Amino acid sequence: MSKGRFFCSASVLAAAVAFGASGQAMAQATQSAATEIGEVVVTGSFIRGTPEDAALPVDVIGADELQKQGNPSPVELMKSLTVSNGVLGDTNQFDSRAQGAEGSATINLRGLGPARTLVLWNGRRLVNAPTLNGASPDLNVLPFAAVGRIEVLKDGAAATYGSDAIAGVVNFISRKNTDGLEVSGSYKYIDNASGDWDGHAVWGKQWGDLSLLLTGEYHYKSKLTVGERKFTQPGYFVSPETGFSSGNATTAFVPLGPGSLVGSPAPFTPLAGPQRDTGCAPLGGLPSFSGTTPTCLFNYTPYDNIQETEERFQLYAELDYDLGENTKLHLEGLYAETDTPDWHTSPSYLALQVPTATTNPAFTSGLSAGYFVPASNPGFALYRSQNPTQISAAATGAYIPGVLYRPLAMGGNPLFGDGSSTGSRKFEAYRVSGGISGKFGPDIGYDLSATYMREDLTRIGYDTIVSRFQLALRGLGGPNCNIATGTPGVGGCQYFNPFSNAIQSNYITGQTNPNYSASVANSPDLISWFFQPTRVDVATKVFVTDLVFNGELPGLELGGGAVGWAFGGQYRKQWYQADYDAFSDLTVTPCIDTPVNGTTNCTVRNGPYMFLGGGTPADLSGDNWGAFAEVSLPFTDNFQIQGAARFEDYGSKGGSTFNPKVSARWQISEVFAVRGSIGTTFRAPPLTSLDPGQVTSLQFLGGAFRAVDVVGNPGLDPEKATTYSVGAIVRSGPFRATLDYWNFDFKNPLVTEPVGGIFATLFPTGTGTGNCGAAALAGLQSRFTFNGVCSVANLSRIRTQAINGPGVKTDGIDILATFDVDDFFGAKLQFGTSVTYVHKYKVEATTVEGVTVSPAFNGVGKLNYQTQIYPIPEWKGQFYVEYARDIHTARVTMNAVDSYVDQRTSPFPPNVVRNGANAAVPLTNAGQKIKTQTTFDFTYRAILPWDTTVVATVDNIFDEDPSFARLDLGYDPFTGGALGRTYKLTVTKKF
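Using the working numbering, the first residue of the sequence shown is number 104, and each one after it goes up by one.
Watch out, some of these pointers could steer you wrong.
Unchecked claim - Heads up, simulated BS3-like pairs for lysine-lysine below, C-alpha to C-alpha not over 30 Å straight-line: (1) 542 to 756; (2) 1034 to 943; (3) 1034 to 945; (4) 756 to 945; (5) 308 to 542; (6) 756 to 912; (7) 945 to 912; (8) 333 to 279; (9) 676 to 945; (10) 279 to 326; (11) 644 to 431; (12) 1034 to 333; (13) 1032 to 912; (14) 431 to 1093; (15) 431 to 542; (16) 756 to 676; (17) 1092 to 279; (18) 945 to 1092; (19) 431 to 333; (20) 1034 to 912; (21) 279 to 1093; (22) 333 to 1092; (23) 542 to 279; (24) 850 to 943; (25) 1032 to 945; (26) 542 to 333; (27) 912 to 823; (28) 1092 to 308; (29) 279 to 644; (30) 308 to 1093; (31) 850 to 823; (32) 431 to 823; (33) 308 to 431; (34) 333 to 308; (35) 529 to 676; (36) 326 to 542; (37) 1032 to 943; (38) 912 to 326; (39) 279 to 431; (40) 756 to 644.
Bear in mind the hints are in silico, worked out from the structure with no lab data behind them.
Since this is a predicted model, take the numbers as computed values, not measurements.
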């Protein structure tokens, strides 16, 4: 790796002030703030002794800089980088890319996807997170108390590091030369929440040739419910997308009477069309229509959280020992835990699967797929007496269409303390790394290392067992009921009442139900019998060994000095394991009826749950080896070229690839220099994408959440990209600036088929029957599963696949600048700015089953919802002013994100929604343009006597709401923040 002399920047922009040809950080102009961190190893090259002005666009964030920002969390730090878009980490359970990942965090350079940014700790790899989209490491496991600096390489680096380093590299580097004890604690005040707490202890000791670093830290985030932020609830007729679903426990039903239906094992026939439960409006539901079917809209987001309760804990140890004059031993150990013990979601999920004839006596092609309620159900009998005009005396039961129903909604879920369905996420990570480095003689250096890391995730949620629920509707529910010999409603056999008279009040609003009767209320014990946990335990592991040699060619001098070189190799093996509980394991419980009769012989093998699909246990592994070489050619003192190349072989699970890169720098004058690079990068298919099994995500389509199955593809090829950049560097007295143009051209990118495009192609307006039955779309229609005839109302799930997708081309400009005023009435000022401008992000057309489901488009300035890419604002910028005098430092930062557009058509005019009278209500344009977001932050730091430092931070000074977007939470969590104005105080003491 190249060496250079670096200084911690004083900019609140973190990486935004890292300038210079080698990417070195700009030195803070004030003596009180400048902290020299000495000769360091810079991310991007393995060549020893590379000059400090090498052509590496690396930004450096020092520990002092992190403190001046108020010690941000990993998510806060990554969101602050202007080169980063689409950051995972905030609660965002409504986007498939974040589902199941609550408690983890990622970085997404250039918005190219977290999987395309390589994350390192002390230059060594980390394991990928064990999440649904776990193709990148989890930043929340890193010991931030041990961080000495962070280096961000904003350029493709596959020629040096191999797979994943397409968008760039983020290298977290531990503290060095710590001697003594440091303790720190902080509290962040958040309106209408309990606040966040952080604390850490760092101890280091030097004993001659031996040094030791120990750190421990604890982080606590408190719950912030959706209801505490008014912008999340604009109302249905302003934004139907903010949490409204036609699937409700207080829903439409079809009265049944005596008759004969073809294929029915019992004599039932509809007595009338669908009837809306009269408890809809009194309980706070919103009467509406789906076509001609009356519905009752349920707002599910008030049961969710903007920020979940989260606890994080890390322990880290590092040892360095000089074994001799030219040999050094380095050892590291890490344990980390992240616990999200109360993950909140809707009281229950939509009934996307329905019972078979095994438990449903009215199962027939003459009725839409759904659930049968017999006249013997006490809730039915009472409801009929309360509403005789809806249900005649001749009725023998009722039928509830599946996709318009969920068992628990406005009344909440009685099994948990706050009405929500409450699951959990728990991550545990272990990492050990060690290496020996030194020299052979005066000219050849070596570095031999090995790293092993494992991260485990236990993910628990809840869903309804279809067959058990149908039995409960018939009075055969409960753990002590023998369904073969039991009598409905007698002894251990219990009824579940699906009508509104079982619900006393709206759990969120408190609205009471005048028709409630305790005599037909539902038993929590019965609910717990059919509302069962779903558990998956996932483990990811990686083992990496590296051997690197470097030095200078003896006797070969160019005009600017000696020729530097490096070469080496790497072996890496990865594992992915997933185990499911019995109900979620498709090899154990593949069928809807398996829980009641043990059958495993069924055509549809999605498991027993209403909504969540099951999974297949996985035990995957793959390995690869690579070799690389580098050379540095300093032709003159002012002009140098650096070249690198890497060969990597994945065998049958990714093939092989060769990737070269050339970079150059020319110092034209003392004031002005230019730099540039060109190379190729690649990324091998993740193990989970190659596995032919499936995982299930939840996505909002056609007015409700639907199950979307993502199937792996053993035929995937590696994705490749050609990248190049051209930049200019200006240093003139107190003014310093860089301007870099960057360009990425992807071939065969690894993506998942765009479910939004698939859905919109079959259903262009998002309602009705759309293009059902069109011969040209027969293959595409086969990807859909319907509970009945082909229509949005009957849509249950969609199957998508991992693919090598269409080509992608993106380019843009990074601008960084600082200006120092050394004497401002005895103080020192620094002005700084960072702007990233994205010129284009073009995605070629996507074809599924021979049909173009997504025409070619430019994603810049777009929300890109349910496409293959993330939100990409055209520009993102920061500007700061810092004042420093004596022990005081104060800084004001402006953060700005450009407006961007929701390119969907179905949520906006001329489309309409329906009110309770089935009259058309025009949709609004609200949220079609997601407005520019501008916030201001303030940080004050005082370095007090007794080695004590106090930092006070106010984020979002003017308490701005995030820009409104037509999404479930009313804003875009990938880009904006919902906490509002926060106050944070940090006190640090050294001993």
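Tested hints:
{"no.": "1", "hint": "542 to 756", "result": "violated (37 Å)"}
{"no.": "2", "hint": "1034 to 943", "result": "holds (20 Å)"}
{"no.": "3", "hint": "1034 to 945", "result": "holds (22 Å)"}
{"no.": "4", "hint": "756 to 945", "result": "holds (29 Å)"}
{"no.": "5", "hint": "308 to 542", "result": "holds (26 Å)"}
{"no.": "6", "hint": "756 to 912", "result": "holds (26 Å)"}
{"no.": "7", "hint": "945 to 912", "result": "holds (5 Å)"}
{"no.": "8", "hint": "333 to 279", "result": "violated (46 Å)"}
{"no.": "9", "hint": "676 to 945", "result": "violated (34 Å)"}
{"no.": "10", "hint": "279 to 326", "result": "violated (36 Å)"}
{"no.": "11", "hint": "644 to 431", "result": "holds (27 Å)"}
{"no.": "12", "hint": "1034 to 333", "result": "holds (18 Å)"}
{"no.": "13", "hint": "1032 to 912", "result": "holds (24 Å)"}
{"no.": "14", "hint": "431 to 1093", "result": "holds (28 Å)"}
{"no.": "15", "hint": "431 to 542", "result": "holds (10 Å)"}
{"no.": "16", "hint": "756 to 676", "result": "holds (12 Å)"}
{"no.": "17", "hint": "1092 to 279", "result": "holds (18 Å)"}
{"no.": "18", "hint": "945 to 1092", "result": "violated (51 Å)"}
{"no.": "19", "hint": "431 to 333", "result": "violated (58 Å)"}
{"no.": "20", "hint": "1034 to 912", "result": "holds (26 Å)"}
{"no.": "21", "hint": "279 to 1093", "result": "holds (16 Å)"}
{"no.": "22", "hint": "333 to 1092", "result": "violated (40 Å)"}
{"no.": "23", "hint": "542 to 279", "result": "holds (21 Å)"}
{"no.": "24", "hint": "850 to 943", "result": "holds (16 Å)"}
{"no.": "25", "hint": "1032 to 945", "result": "holds (20 Å)"}
{"no.": "26", "hint": "542 to 333", "result": "violated (63 Å)"}
{"no.": "27", "hint": "912 to 823", "result": "holds (12 Å)"}
{"no.": "28", "hint": "1092 to 308", "result": "holds (17 Å)"}
{"no.": "29", "hint": "279 to 644", "result": "holds (28 Å)"}
{"no.": "30", "hint": "308 to 1093", "result": "holds (13 Å)"}
{"no.": "31", "hint": "850 to 823", "result": "holds (5 Å)"}
{"no.": "32", "hint": "431 to 823", "result": "violated (37 Å)"}
{"no.": "33", "hint": "308 to 431", "result": "holds (17 Å)"}
{"no.": "34", "hint": "333 to 308", "result": "violated (51 Å)"}
{"no.": "35", "hint": "529 to 676", "result": "holds (24 Å)"}
{"no.": "36", "hint": "326 to 542", "result": "violated (53 Å)"}
{"no.": "37", "hint": "1032 to 943", "result": "holds (19 Å)"}
{"no.": "38", "hint": "912 to 326", "result": "violated (40 Å)"}
{"no.": "39", "hint": "279 to 431", "result": "holds (14 Å)"}
{"no.": "40", "hint": "756 to 644", "result": "holds (17 Å)"}
Going through the hint list in order, the structure does not satisfy hints 1, 8, 9, 10, 18, 19, 22, 26, 32, 34, 36, 38.
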